[in-house]
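2 protein chains.
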Amino acid sequence: MRSSDELRESVEEHLGALSLSSDLGGLEPVVRYALDGGGKRLRPVLCLATAEAAGGDPDLALDAAAALELVHSFSLVHDDLPALDDDDQRRGRPSVHVRFGEAQAILGGDALLNEAFALALRYPTPVVGRELAVATSGMIGGQYLDVNGGPRDRLELNRLKTGRLFEASVGCGLWVAGVEAGDQPPWRAFGADFGFLFQLVDDLLDDDGIARERGREEALLLAHETEERARSGLGAIDADTTVLGELLDQLVARRP
Amino acid sequence: MRSSDELRESVEEHLGALSLSSDLGGLEPVVRYALDGGGKRLRPVLCLATAEAAGGDPDLALDAAAALELVHSFSLVHDDLPALDDDDQRRGRPSVHVRFGEAQAILGGDALLNEAFALALRYPTPVVGRELAVATSGMIGGQYLDVNGGPRDRLELNRLKTGRLFEASVGCGLWVAGVEAGDQPPWRAFGADFGFLFQLVDDLLDDDGIARERGREEALLLAHETEERARSGLGAIDADTTVLGELLDQLVARRP
Numbered sequence: 001m002r003s004s005d006e007l008r009e010s011v012e013e014h015l016g017a018l019s020l021s022s023d024l025g026g027l028e029p030v031v032r033y034a035l036d037g038g039g040k041r042l043r044p045v046l047c048l049a050t051a052e053a054a055g056g057d058p059d060l061a062l063d064a065a066a067a068l069e070l071v072h073s074f075s076l077v078h079d080d081l082p083a084l085d086d087d088d089q090r091r092g093r094p095s096v097h098v099r100f101g102e103a104q105a106i107l108g109g110d111a112l113l114n115e116a117f118a119l120a121l122r123y124p125t126p127v128v129g130r131e132l133a134v135a136t137s138g139m140i141g142g143q144y145l146d147v148n149g150g151p152r153d154r155l156e157l158n159r160l161k162t163g164r165l166f167e168a169s170v171g172c173g174l175w176v177a178g179v180e181a182g183d184q185p186p187w188r189a190f191g192a193d194f195g196f197l198f199q200l201v202d203d204l205l206d207d208d209g210i211a212r213e214r215g216r217e218e219a220l221l222l223a224h225e226t227e228e229r230a231r232s233g234l235g236a237i238d239a240d241t242t243v244l245g246e247l248l249d250q251l252v253a254r255r256p
Numbered sequence: 001m002r003s004s005d006e007l008r009e010s011v012e013e014h015l016g017a018l019s020l021s022s023d024l025g026g027l028e029p030v031v032r033y034a035l036d037g038g039g040k041r042l043r044p045v046l047c048l049a050t051a052e053a054a055g056g057d058p059d060l061a062l063d064a065a066a067a068l069e070l071v072h073s074f075s076l077v078h079d080d081l082p083a084l085d086d087d088d089q090r091r092g093r094p095s096v097h098v099r100f101g102e103a104q105a106i107l108g109g110d111a112l113l114n115e116a117f118a119l120a121l122r123y124p125t126p127v128v129g130r131e132l133a134v135a136t137s138g139m140i141g142g143q144y145l146d147v148n149g150g151p152r153d154r155l156e157l158n159r160l161k162t163g164r165l166f167e168a169s170v171g172c173g174l175w176v177a178g179v180e181a182g183d184q185p186p187w188r189a190f191g192a193d194f195g196f197l198f199q200l201v202d203d204l205l206d207d208d209g210i211a212r213e214r215g216r217e218e219a220l221l222l223a224h225e226t227e228e229r230a231r232s233g234l235g236a237i238d239a240d241t242t243v244l245g246e247l248l249d250q251l252v253a254r255r256p
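Order-wise, the sequence lines are chains A and B.
In case it helps, our numbering puts the first sequence at residues 1 to 256.
In case it helps, our numbering puts the second sequence at residues 1 to 256.
So that you can see chain A by itself, here it is in the shape it has in the complex:
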């Protein structure tokens, strides 16, 4: 069984060698720039680790894993646009629209989403693609709630904007490993908890979101409960979930 570091290396290699549609032409550097931002590749690593824990070959999950990272990148590129969150920086570098201009950022984001589906559609069944489409509509709906102000449920917003893609990361790993839909719920519950915890830790680190709206104490309590539930959920799955536990450890270690 590969360690999370080894899985992360596989993801980086696969993303680096990714062949994009030649039709994109001069837009390819925009797509590569967005993908090379030095992210932690949490979603694709979670996908590969799930596939392996569920008895599959993680290498067969590489296209699905890359597709998840492309959807994540698509959402960052569009969310950073001036009309949305208007963020000039992303992971210490100029965001895509600052570096390449707005037109390129809009088209580059579109290309990232479309290439994600092209990758997901390399599989002989449509299930990986369906998983992406469900997650992406959640993310778009969540971003809509986020930019439209008004009363909003922060937990629902996080569930859509962040949780869905984490659950899909687990879901894609399960499909590639051949796990039937009926056997997926405990794994998926772990994915949802993992995503929710990720967002809580992020909010605590940035003193933002739930940490700001409900106070640090409540956010820490929620994080603790979610971690416990994720761990006991993992323990109840009849499989070697060591690496998934490792990923949870790494997530918790970031918590202030």
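Bear in mind the hints are in silico, worked out from the structure with no lab data behind them.
Even for Gly, the Cβ is constructed at its ideal location relative to N, Cα and C.
It cannot be assumed that every hint is accurate.
Unchecked claim - A few chain A positions that, by computed beta-carbon distances, are all more than 12 Å from chain B: (1) R2; (2) L35; (3) G37; (4) K40; (5) L155; (6) G182; (7) Q184; (8) D208; (9) R231; (10) A239.
Claimed, not checked - Rough simulated footprint, nothing fancy, chain A against chain B, three-plus residues with beta-carbon under 8 Å: (11) 22-34; (12) 81-95.
Said to hold, decoys possible - Some chain A residues flagged as far from chain B (calculated, every beta-carbon gap over 12 Å): (13) E9; (14) L15; (15) P94; (16) D202; (17) E228.
Given chain A, put chain B in place with the hints provided.
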């Protein structure tokens, strides 16, 4: 065999009754507005007519047909944005960003593309989705060429921006009808000619694109040649292609 008007009615009904992901929430009216623009539904009708001509049930092609229209709408919504073509009007109505604001237009376009894939992924095989992804990368690459000025090949640009989705409309109809890849080339050639002719007629009507760059005379000559090629291509297909011929007649009738 249904007439092109009957097929168009089926498309309108299917689009009107389309269930979108509930996650989109307040973004749904944006998506519906973009879809209700009174377009001619040429791509979905071409898809249904191809499916029926190739011996399939056009009703089984309705999801694919709707997906094609959603991809078309996605491209219009994003292309109209201020950072791209900056068009305030679309078919006599305010364009989406004028009516709903830029944030909604960006997210609404994203939602249209994603819902298109969700529709294409309702099929038990990934072929319809693959067809969409190939067409969409062509459209995005074509729009990139269009907004980035500099020397550009107008024929190549049209082939990407317009031609690809018309070819995919024929392709999706063929897949739904169960036509093997090896038997598809003559049908696809018709789709490519149809798309090219559509763009030429549009350019002639607007005195734009090829009509402006190469002059009306050359554009008319190209349109005539393309029409002839499309007709003789159709004639060589061993199937009842009456309705496809009808669609070609309607296209040519628009030519000034």
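These are the hints, each one checked on the structure:
No beta-carbon of chain B is positioned within 12 Å of the beta-carbon of A/R2; the least distance is around 28 Å. Every CB of chain B is more than 12 Å from the CB of A/L35 (nearest about 16 Å), matching its label as outside the interface. At the 12 Å boundary, the C-beta of A/G37 stays outside the reach of chain B, the nearest C-beta of that chain being 19 Å off. Against the 12 Å criterion, A/K40 stays outside the reach of chain B, whose nearest CB is about 24 Å from its own CB.
The non-interface label for A/L155 is consistent with chain B: the shortest C-beta to C-beta separation is roughly 15 Å, beyond 12 Å. Every CB of chain B is more than 12 Å from the CB of A/G182 (nearest about 19 Å), matching its label as outside the interface. Separation of A/Q184 from chain B is adequate, the least Cβ-Cβ distance of about 18 Å exceeding the 12 Å criterion. No Cβ of chain B comes within 12 Å of the Cβ of A/D208; the nearest lies about 20 Å off, and the non-interface call holds.
No beta-carbon of chain B is positioned within 12 Å of the beta-carbon of A/R231; the least distance is around 29 Å. In this structure A/A239 is separated from chain B by more than 12 Å, as the shortest Cβ-Cβ distance comes to about 28 Å. Evaluation of the coverage hint for the segment 22-34 of chain B: fulfilled, as 5 residues show C-beta separations to chain A shorter than 8 Å, against a requirement of three. Counting residues of the segment 81-95 of chain B whose C-beta sits closer than 8 Å to any C-beta of chain A gives 3, which meets the bar of three, so the coverage hint holds.
No beta-carbon of chain B is positioned within 12 Å of the beta-carbon of A/E9; the least distance is around 28 Å. With a closest Cβ-Cβ approach of about 18 Å to chain B, A/L15 is found to remain outside the 12 Å limit, as its non-interface label requires. In this structure A/P94 is separated from chain B by more than 12 Å, as the shortest Cβ-Cβ distance comes to about 16 Å. No beta-carbon of chain B is positioned within 12 Å of the beta-carbon of A/D202; the least distance is around 21 Å.
At roughly 28 Å from the closest C-beta of chain B, the C-beta of A/E228 stays outside 12 Å, upholding its exclusion from the interface.
Violated hints for the displayed structure: none, as all numbered hints are satisfied.
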